[in-house]
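Model the full structure from these sequences, guided by the hints.
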Amino acid sequence: MIARVIAWTTQSPRSLLRQAVALAALTWLTLAVMGSLLAPLLAPAGPLAADTTRSLLPPGPGGLLGTDLLGREVLTRLLWGGRQTLGMGLLAMTVTVGLGLPAGLLAGFFGGRVESITMRLADALLAFPGLLLAMAAIAVLGPGTASVAMAVGLAAAPAYARVARSAAIEVRTQPYVEAARALGGDAWRILARHVLPNTAAPLIAFAVAQLGWVLLNGAALNFLGLGARSGTPEWGAMLNEGRGYLRDAPWVSGFPGLALTVTVLAANLLGDGLQRALRPR
Amino acid sequence: MTKYVGRRLVQAAFVLWLAVTLAFAGLQLTPGDPAQALLAASGATPEQVAERRAQLGLDDPLPHQYARYLWNLARGDLGQSWLHGRPVGQMIWEQLPATVELAVAATMVGIVLGLALGILAALRRSTWLDTVTTAVSVVGLSTPTYWSGLVAILLFSLYLRWLPATGEGDLRHLILPALVLGFALSGSIARLVRARVVEVMEEPYVLAARARGLPSWRVLLVHVLRPALPAALTVVALQLGFLLGGAVVTESVFARRGLGKLAVEAILWRDLPVVQGVVVVGALAYVLVNLTADLMQTWLIPRLQEELT
Numbered sequence: 003m004i005a006r007v008i009a010w011t012t013q014s015p016r017s018l019l020r021q022a023v024a025l026a027a028l029t030w031l032t033l034a035v036m037g038s039l040l041a042p043l044l045a046p047a048g049p050l051a052a053d054t055t056r057s058l059l060p061p062g063p064g065g066l067l068g069t070d071l072l073g074r075e076v077l078t079r080l081l082w083g084g085r086q087t088l089g090m091g092l093l094a095m096t097v098t099v100g101l102g103l104p105a106g107l108l109a110g111f112f113g114g115r116v117e118s119i120t121m122r123l124a125d126a127l128l129a130f131p132g133l134l135l136a137m138a139a140i141a142v143l144g145p146g147t148a149s150v151a152m153a154v155g156l157a158a159a160p161a162y163a164r165v166a167r168s169a170a171i172e173v174r175t176q177p178y179v180e181a182a183r184a185l186g187g188d189a190w191r192i193l194a195r196h197v198l199p200n201t202a203a204p205l206i207a208f209a210v211a212q213l214g215w216v217l218l219n220g221a222a223l224n225f226l227g228l229g230a231r232s233g234t235p236e237w238g239a240m241l242n243e244g245r246g247y248l249r250d251a252p253w254v255s256g257f258p259g260l261a262l263t264v265t266v267l268a269a270n271l272l273g274d275g276l277q278r279a280l281r282p283r
Numbered sequence: 067m068t069k070y071v072g073r074r075l076v077q078a079a080f081v082l083w084l085a086v087t088l089a090f091a092g093l094q095l096t097p098g099d100p101a102q103a104l105l106a107a108s109g110a111t112p113e114q115v116a117e118r119r120a121q122l123g124l125d126d127p128l129p130h131q132y133a134r135y136l137w138n139l140a141r142g143d144l145g146q147s148w149l150h151g152r153p154v155g156q157m158i159w160e161q162l163p164a165t166v167e168l169a170v171a172a173t174m175v176g177i178v179l180g181l182a183l184g185i186l187a188a189l190r191r192s193t194w195l196d197t198v199t200t201a202v203s204v205v206g207l208s209t210p211t212y213w214s215g216l217v218a219i220l221l222f223s224l225y226l227r228w229l230p231a232t233g234e235g236d237l238r239h240l241i242l243p244a245l246v247l248g249f250a251l252s253g254s255i256a257r258l259v260r261a262r263v264v265e266v267m268e269e270p271y272v273l274a275a276r277a278r279g280l281p282s283w284r285v286l287l288v289h290v291l292r293p294a295l296p297a298a299l300t301v302v303a304l305q306l307g308f309l310l311g312g313a314v315v316t317e318s319v320f321a322r323r324g325l326g327k328l329a330v331e332a333i334l335w336r337d338l339p340v341v342q343g344v345v346v347v348g349a350l351a352y353v354l355v356n357l358t359a360d361l362m363q364t365w366l367i368p369r370l371q372e373e374l375t
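These protein sequence lines map, in sequence, to chains E and A. Throughout, the working numbering is defined as the position within the first sequence, counted from one, plus 2. Throughout, the working numbering is defined as the position within the second sequence, counted from one, plus 66.
Source of the hints: derived by calculation from the structure; they are not laboratory data. Quick caveat: nothing in here was measured; it's all calculated off a predicted structure. Using N, Cα and C, we set each Cβ at its ideal position, and we do this for glycine too. Certain hints may be false.
Where chain E lies over chain A, by a calculated footprint (3+ residues, C-beta under 8 Å) [claimed, not checked]:
1. 134–144
2. 216–224
3. 330–344
Output of the computed footprint for chain E on chain A, the stretches with three or more beta carbons under 8 Å from beta carbons of chain E [to be verified]:
4. 196–209
5. 257–271
6. 296–308
Shown next as structure tokens:
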């Protein structure tokens, strides 16, 4: 068991490294997370520090990425906005994995009625268009940043449950699991000791790929005004705020949009790369 | 075959019933009194609210309410807006054409672009062209339409002044939103078409057709494109959820009328019957389109019919 984990951890990064794209994606995500975490150090003035004498300055040596209507630094708001946007992604993925992983693993491992109930429920939830399901959840929870994160997390959970189920089914029929069962091992112990570690690789990869979806749609809901209050430094909300003066100051919407696009792209590429690297051949 | 169609129909009906039930449960979980919400604007007395509660049947036991909800849905009655006091079905019906127009136009753009990119990548497999087209499709998948939409407005409306930025009316207003949403859609179509064409190119009948010296455009059109089409069709059906969600956002970017605007306003005003109605209509569309796509695919690929019987 331990040998397997070691083999996995030592081998997979190497096969990953071969893919320069996945590495670049990982680098960007790391930079984005670092930038957000270090925002108070990098931009101590804070995202709300306004200076109306410096309204709508173009990007350049003086203002780096320019300023918005209230003279707030776009770069500063971008760094602080990363805390909101990436934090939203993290909370949403916690909800997705928290709901989808147990449901999927139990369904795949135990089969029978547990499986048919959870999977029919997942099917029904998958019948709703993802963003609409998230919007319905916000209608129930009430608008707000936490609601947005929970709503997109919930909307992504059924797909995660399905993938977790097929991963568990694959492992369930492996000789070592069958041996453990034949020896009369406790089902929960087998689940924790054998099934969970051996499904970890594909499930981590899928979670990374879903992070892209979650970020894209969570920021969309903020863009639509269903989450962050106006003025909050959040990438989707910043994009929306800049729309009013798109012609005169395209950088106010442009940079948050670029940051978001590159981050979503990075999550998708890294997810792809991981899925390919971890697929057993 | 008939057995498969029957099973697929039952399956679709079951998923739809469960989805509709979840929508009912969601509304029940929401705090607040619908009668109060309906009458809030007119400043009604508690007696009037109580009377309205009785009228709406909100005092009935939950199973009764649920049965009535299903019965009303079956008759096409989606309830009444808390904010406007109008039938939800009517409100959705008014906004539907604008959204369907955008969705259909975007799907056409997506299919044309996706087929072109996918076939190009497959035919020039493992060359720089393959890399570039694959990259374009991944970027299409990852770019938020609310950003590409703004970039398109900036470029084509504000700088080049070719097309109107926002609003609706003639076909010119439809071009930019359809291109933006269609581009986002084309990525997933291109991926699957590429995979399918790579597969098909190695089939003996394609080799035979090429060996017979048929012109390459003919091989492409008759022998390669035909099997690739069902693949594109399935993606479109599976991506309908993405398309509807994307339409909501795109409508907002281009200030268009449609279901998106209706839903966003309903959420902000907590007009829950309208939200419920839009979500139920979305689920209905998704289930029906996927059912149709599945049945069409078995019809387009005769081999599947044998496997299924």
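Exercise. Would you pick out the hints that fail for this structure and give their numbers low to high?
Key: Hints 1 and 5 not satisfied by this model.
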